[in-house]
Amino acid sequence: MKEYLMGNGAIALGAMAAGVNLVAGYPGTPSSEIIETLSKYPHEGLHLEWSVNEKAALEVAAAAAYSGARAMVTMKQVGLNVASDPLMSLAYVGVKGGMVIVSADDPGPISSQTEQDTRRFADFCRIPVFDPATPEEAYVMIQDAFEYSEKYSTPVLFRPTTRVCHAYASIDVEDIYKPREYEGFVKDSKRWVIFPRLSYINHGNIEKRNVSIAEDLSSYGFNSVACPAAKKAIVASGVSYSYVKECLKGNTDVRLIRVATAFPFPESFMLEALKGADEVLCFEELSPYIEEQILKLSGRHKLAIEVRGKLDGEVPHNGELSVEIVAKILKEYLGEDIGLEQIDVSDSPGLPVRPPVLCAGCPHRGSFYAVKRAMQGKKAYFCGDIGCYTLGNAMPLDMVDTCLCMGAGITMAQGLDHVNEDATSFAFVGDSTFFASGITGVINAVYNEADMILCVLDNSTTAMTGHQPHPGTGKNMMGNIVDKVDIEKVLRGIGVKTVMTVDPLDLKKSVEAVKDCASLKGVKAIIFKSPCIAIAKPSGKCCVDSEKCINCKKCIREIGCPALAGTEKGVSIDMDLCTGCGLCEQICPVEAIRDLEGSRS
Amino acid sequence: MNKDILICGVGGQGTVLASKIIASAAMEEKKTVHSAETIGMAQRGGSVTSHVRIGESYSPLIPHGSADLLLAFEPGEAVRNIKYLKKDGVVIVNTVPTDPVGASSEDNSYDASVMTDYLLKKCKCIFVNSEEVCKEFGSSKFFNIVILGIATGADVLGVSFDTVQDQLTKRIPQKFLEINKKAFMKGYEIGSNAQI
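Chains as they are written, first to last, in the working numbering: chain A, 1 to 601; chain B, 602 to 797.
Hint data in this document are derived by calculation from the structure and do not stem from the laboratory.
Because the structure is a prediction, the values reported are computed rather than measured.
Errors might be hidden in some of the hints.
What the hints assert, rightly or not - In the BS3-like style, the derived pairs of lysine-lysine whose C-alpha atoms are separated by at most 25 Å in a straight line are:
no. : chain 1 : residue 1 : chain 2 : residue 2
1   : A       : Lys249    : A       : Lys378
2   : B       : Lys688    : A       : Lys245
3   : A       : Lys2      : B       : Lys631
4   : B       : Lys684    : A       : Lys331
5   : B       : Lys631    : A       : Lys249
6   : B       : Lys771    : A       : Lys40
As the list claims (entries may be wrong) - Label-pair distances were calculated between CB atoms; the ranges are:
no. : chain 1 : residue 1 : chain 2 : residue 2 : range
7   : B       : Phe777    : A       : Gly45     : 32 to 42 Å
8   : A       : Ile481    : B       : Arg772    : 22 to 32 Å
9   : B       : Lys688    : A       : Leu351    : 15 to 25 Å
10  : B       : Phe728    : A       : Leu271    : 58 to 68 Å
11  : B       : Thr633    : A       : Glu44     : 29 to 39 Å
12  : A       : Arg600    : B       : Lys688    : 49 to 59 Å
13  : A       : Leu340    : B       : Glu737    : 35 to 45 Å
14  : A       : Ile550    : B       : Phe728    : 30 to 40 Å
15  : B       : Glu779    : A       : Ile443    : 51 to 61 Å
16  : A       : Asp85     : B       : Thr633    : 42 to 52 Å
17  : B       : Arg772    : A       : Arg600    : 23 to 33 Å
Said to hold, decoys possible - If you only want the chain B side, here are some residues facing chain A, beta carbon under 7 Å, derived:
no. : residue
18  : Gly666
19  : Ser667
20  : Gly677
21  : Val702
22  : Lys723
23  : Ile727
24  : Gly739
Heads up, the beta-carbon is just placed ideally off N, CA and C, and yes, glycines get one too.
Start from the sequences, fold in the hints, and give me the full structure.
Given below as C-alpha cells:
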C-alpha cells in the first residue's frame, strides 16, 4: 500500500518490513517519530518501548539481538554519547540477530547541543554505517542494514539527518507485519561475556572483517556514479546528495559520486569511481569524513587528483548545507551559473526576531518565576537542563545560568556549591530528564553533602520532543497502564529529607516553598507539579479590566507570556492563546486581571 | 507540471495541517509530492515553514527563487520568506501581524503596513485580513482553511477544488467539519474574485 510518510515513519515501517522483533529508544529531535510511528501501526509480536535513556535502550536491544531476534534502537546524535559505553563493548562482542542503531544527526544544529557526526562514531567503534539521502531510500536502506548486521554478526549504525527524518514522501510499504522467527538465547559465555582476552581476539577479527565489508559495500547499490567519464567529479552523501542533484538538474558534464556507506569506506568502489578524474569536490554535512578518506586513498594510491571540500575552506564546516550553498560553490567549481533567478530582497525591511518561548500557560513559567521572586536580592545560581524548560533562559525570566547536557544541571549545581559558598545553587530538571539521568546526580549530592535545591518541573510528559510517556506517567508504549514511579518517593528513598510538592501556578505557595528550602542545609527538593499545557485542557481564560489597568505592564515585564500584549490603552490578552493559568492575575499590582466570566468549567 | 508551495507563519497558527491537506490532495490526484516541516524547538512561537513540492524534485526544501506560491499566515513572515518565491510567483498573505513575544516593550513590535507595501512592490499579492474573514467562525484558528480556499479559488494551488474538499472531509473530525467547510468556501469566494 502507498503511505505518505515522514522519513522517520519510513525507517519505522522499513524496520517492520525487516521483521524487527524489538524496538527501544529515548525521544530526541529529530528521531522521536520512529517509535511513535511503530506504535500507530498494528504490531502484534513486536516489543516496543521508550526506555529510560539511550544506554538502557541499547542494552535491552543488544540482549534481544544476542537471542537471535532483530532489534532496533532509536535516538538523536547526543543520545549516542549516552549509549556509547555499551556500544563500544557491543562492537567487540557482536550480535546474532540483526541489530540496527538509528542515531539521527542534526546539522545546524536545529534542536541539539552539538554538531557531532555519527559516521565518526561508526569509525570509532569499527562498525558499518548507512546514510540515507531521502525517506524513500531510508525505507529500503534500513532493511539492508539489518541484512548486513546479520551477515557480519555486528551491530550497524544508521544515520539519517534532520532533513531526511522530517521530510515526507509517498512510499510503497508492506501491508502486513510479520515478526522474524528466532532461536532464543543460547548460553555461550565465550561469546557473550566480554573479557580482555576476547576483546584482543575480536579486535583483530573485526579489522579483518571490515576489509571484507568494505569490499562488499563497494558493490552496494546506493554507492553510485553518474557520468563516469567527466574529468571534474563531485562526491556527496546524505541529504547533500539531494541538494547536488537539485542543482545539477539537466547538467551531465560532471561526474557525480554518491557514498551511502562511509564506514567501512568502500575503497575499491571509490578508486574505480575516481579513475581519470582530475579533481573532486566533496559535499557532506558535519565533518569532512569522506573527504579525509579520499585524501588517504589518494595518498596510498598516489592518485593525481585534487581533493576539495571542507578542508580547503570551500565548503563550510558548521551548519547545514542547502541548495543555495551548494549552488554557490558549484558555480565556482563548474564555471557556470546554476542558481535560479530570484527576487531582489536586498532592500528588505527589518524583521521581528522570533526566538522560541515557553507556551502561554506553561507551568514552567510559574516555577521559574517563583524561584526568581523568592531569591530576589540574594546571590543564587540556576543550573538548567535539556527540555522545554531550557527556554527559561529567555528574557524576562532569565533563569538559566548553565545548560550542558541531559541531567547535568543537578551535578553542576553541586560543583557550583562546592566552590561558591556565598551563593545558593539551584538545579532545574524536567520529569523525563529526571528519570533519564537525574537520579544518580541526586544520590551524588546526598552522598557528598552538597547544599542545593533541586526543582523538578513535573509536567507529566516528555514535552519538547512531542509528549512521549515516561516512567512517571503510568503508561508505556505497549499501550499498557503501569504503576507510576513516584518522583517524591524516589527522592525520599535516595535520602533527600526535604521534599515539597507545589502547584507552580500558585505563586504565593511556590515562593514560600522556595524560601523555606533556601533556609535549610543539605539537599532539598521541590516538585513543581502541573500538566503540560499543550496536552491538558485549559482551565479557562483571563481578561483585563481596562478601567482598572494602569498600563504599568508589570505582567509583561515580569513573566513574558505570549498571550499578553501591550497596547496604548493598556494590556490586552489574546483569547486564542490564553489558557487561564492565572499567573498574570497574581502579579498585577492593581488587580486588573481576572477570570473571564463563565470561562471556568 | 511542477509546483512548489511554501507555507509560512508563526508556531501554533495551523500551517502544518494546511501543508498536509495540500500534500494529500496532490497524492489523491496521482501526483508525486514531497514535503518538509519545521519540527522541534522552533515550533514554540518561532517562525515556521512547510515546504510542499508537487512533481519531481530532489531537495526536501524548496530552493530560493523556486516557489510558485507563498501562503503567508503573517505579513512579517511573508517578507522573511519571499526569497523562496519565483519572480512571477504569487503571495497570499494575512495582513494581521503577530507581535513577537516581548514586543510589548515596543522596540520589537513592527508596522504591518511596511511589510504589505514591500510585498506589493516585489510580487503579485492577495491580501486578506484574518480577523475580518474569520469573525463569523469565532476564531482566527480557521485561517489555515480559509487560505487554502483562497488559493483554490484563485486557481494557484495546483490541486482541484474537489480534491481539497475531499481531504477536509478525511482529515477534520466530524464535529468541526461543517464550520471548516464554510471557512473553505469563504476563502474560495475571496480567491475567485481576487485580481492577480
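Hints, one by one, checked against the model:
1. A C-alpha spacing of about 63 Å is found between Lys249/A and Lys378/A, which places the hinted pair above 25 Å, so the restraint is violated.
2. At roughly 23 Å between alpha-carbon atoms, Lys688/B and Lys245/A fall within 25 Å of each other, so this suggested pair holds.
3. Of the supplied pair hints, the one linking Lys2/A and Lys631/B holds, its CA atoms being roughly 11 Å apart against a limit of 25 Å.
4. This hinted pair checks out: Lys684/B and Lys331/A have alpha carbons roughly 19 Å apart, not beyond 25 Å.
5. For the suggested pair Lys631/B and Lys249/A, the alpha carbons sit about 23 Å apart, so the restraint of at most 25 Å is met.
6. Of the pairs offered as hints, the one joining Lys771/B and Lys40/A holds, with about 18 Å between alpha carbons and a cut-off of 25 Å not exceeded.
7. Our hint of 32 to 42 Å for Phe777/B and Gly45/A holds, since their Cβ atoms are close to 37 Å apart.
8. In this structure, Ile481/A and Arg772/B meet the distance hint of 22 to 32 Å, their C-beta atoms being roughly 30 Å apart.
9. The given range of 15 to 25 Å is respected by Lys688/B and Leu351/A, whose C-beta atoms sit roughly 21 Å from each other.
10. The hinted range of 58 to 68 Å is satisfied by Phe728/B and Leu271/A, whose Cβ atoms lie roughly 59 Å apart.
11. About 33 Å separates the C-beta atoms of Thr633/B and Glu44/A, a value consistent with the hinted range of 29 to 39 Å.
12. Between Arg600/A and Lys688/B, the C-beta spacing of about 53 Å keeps the proposed range 49 to 59 Å intact.
13. Checked against the hint of 35 to 45 Å, the C-beta distance between Leu340/A and Glu737/B comes to roughly 41 Å, which is consistent with it.
14. Between Ile550/A and Phe728/B the C-beta distance comes to about 36 Å, which sits within the given range of 30 to 40 Å.
15. Between Glu779/B and Ile443/A the beta carbons are some 57 Å apart, a value that agrees with the proposed interval 51 to 61 Å.
16. Remark: the range hint 42 to 52 Å for Asp85/A to Thr633/B is upheld by a beta-carbon distance near 44 Å.
17. Taking 23 to 33 Å as the suggested C-beta distance range, the pair Arg772/B and Arg600/A conforms, at roughly 32 Å.
18. Because the closest C-beta pair between Gly666/B and chain A is about 4 Å apart, less than 7 Å, the hint holds.
19. For Ser667/B, the interface hint holds, since its Cβ comes within 7 Å of a Cβ in chain A; the closest pair sits about 6 Å apart.
20. Below 7 Å, beta-carbon pairs count as interface contacts, and Gly677/B has one with chain A at about 5 Å; its hint therefore holds.
21. Hint status for Val702/B relative to chain A: holds, with the closest Cβ pair at about 5 Å, below 7 Å.
22. Of the supplied interface hints, the one on Lys723/B holds, with its beta-carbon coming within about 5 Å of a beta-carbon of chain A, less than 7 Å.
23. The interface hint given for Ile727/B is broken, as the beta carbon of that residue sits about 17 Å from the closest beta carbon of chain A, more than 7 Å.
24. Annotation: interface hint on Gly739/B violated; nearest CB of chain A at approximately 10 Å, more than 7 Å.
The structure fails hints 1, 23 and 24 (numbered hints given earlier, in ascending order).
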